[in-house]
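Assemble the whole structure, with the sequences as input and the hints as a guide.
The listed protein sequences derive, respectively, from chains D and Z.
So in our numbering, spot 103 of the first sequence is number 106, and the numbers just go up one at a time.
So in our numbering, spot 91 of the second sequence is number 97, and the numbers just go up one at a time.
Think of the hints as simulated: they come from the structure by calculation, not from any bench.
Some hints here could point you the wrong way.
Computed Cβ-Cβ distance ranges for the label pairs, DEER-style [stated by the list, open to error]:
1) Z:E51 x D:S165: 24 to 30 Å
2) D:R275 x Z:E51: 36 to 42 Å
3) D:R275 x Z:N56: 21 to 27 Å
4) Z:E51 x D:N193: 28 to 34 Å
The model shown is predicted, which means the values in this text are computed figures rather than measured ones.
All C-beta atoms, glycine included, are put in the ideal place defined by N, C-alpha and C.
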Amino acid sequence: MSGESRLYQASHKFKKLNGQKDSVEFAQIIKIDSQYTATVLRDIWSADGNWDALLTHQFNSAITELSLMHFRAAAEFCQKRFVEAYECQLSSYKAFLRAFSYMDRWGVYPLLAMCKDLYLLSCRADRQLAELGQPATKLEEATRVITQGFSMCMTDREPVLSNSRKWGTYHLANLLFALYLRQKAFNMCNSMIRGIKTSELPALDQFPMSDQVTFRYYRGLLAFQGEDFAAAKEDLGFALEHCHRDAYRNKARILMRLTPIMMIEGIMPQMRLLRKYPAIMALYGGLARATVQGDLR
Amino acid sequence: QMSTQKGAAKDGKADPTATNANQSAQQNLPTMGALEEDDEFEEFEVEDWNEAAEDIDDITMWDDNWDDDDLEDDFSKQLRVELEKVSQPEAMAVTN
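This is the structure in structure tokens:
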């Protein structure tokens, strides 16, 4: 089988999964580092000894385009050409958005998978551009298009709520927080929070706990930045209480902001908490001691 | 950087770049390692959970009663010992 045939066979798999609305498998194989993708690339290389098959552009549908550009992105990534990989992933993602407008809730997992890869590739591309002394603008660009996906979730008009793309909104918002914070765009974070508040979404407590904890961590972090300590305490307290017990580093991140808020109110972390989180001890131990000794009263 | 200590909760979070690709595929693919900024929350390994998966301890390990002088002295002394440990070079042992 030629590389080109193998490639079109692979794009048919995407079409099939799209027809079946197979959220889980579609989301798996669309990842740049998926086993399936690696196998297809290996087969193309074995057959042809080059990547020329990836350069033919015959798109008869959004799904075909997204799948072919996905494989090209993966091949560029293998060759550590991160800027090219990002550009291909961007094309793949834009094609996906066209298809997504016809998808209901099932499309959310594939959307999330693509957004996360787009984010990672944009960072890698920017690093490479910076090394070459060129303007590093890919993260900013990725943020804009990911925001489009986010809007398509939040404003979905699907009448049957259980089928709605709205259920992807908070997960995408949480990804956008990371992108915005990386660019120090606090105002974007706050306007996104406001946008969510005024939208017709199900209540936050209806969403999976991972969405709730993550969202409230970021909202609490922003409240802390804005010196609204009461709001920060409420959100960060919830996040700490409900954070999964295995997510040690996330718990430490929550405590990084929650600890000073508690201390301002005269509530000190106990020694066993400080021993459990040495980073908190290192940052706030001295202050705690001084407070307790009355130096700062 | 965070260190872990004996008795501290082991971070069960899997390496976000790990895939189930076979070895040969992995050799060809550079890792998708995220650029970890300290504030960025890591993805949870599970999407949803109930109270059984939560740890009630951390939100309860706080004291707002600081009127007791003995308690204050105790805490203060313990803390000084711990902080001195951290500032000694030997105490900055390599952790896994």
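Do the hints match the structure? See the list:
no. : hint                       : in the structure
1   : Z:E51 x D:S165: 24 to 30 Å : 25 Å, holds
2   : D:R275 x Z:E51: 36 to 42 Å : 26 Å, violated
3   : D:R275 x Z:N56: 21 to 27 Å : 25 Å, holds
4   : Z:E51 x D:N193: 28 to 34 Å : 30 Å, holds
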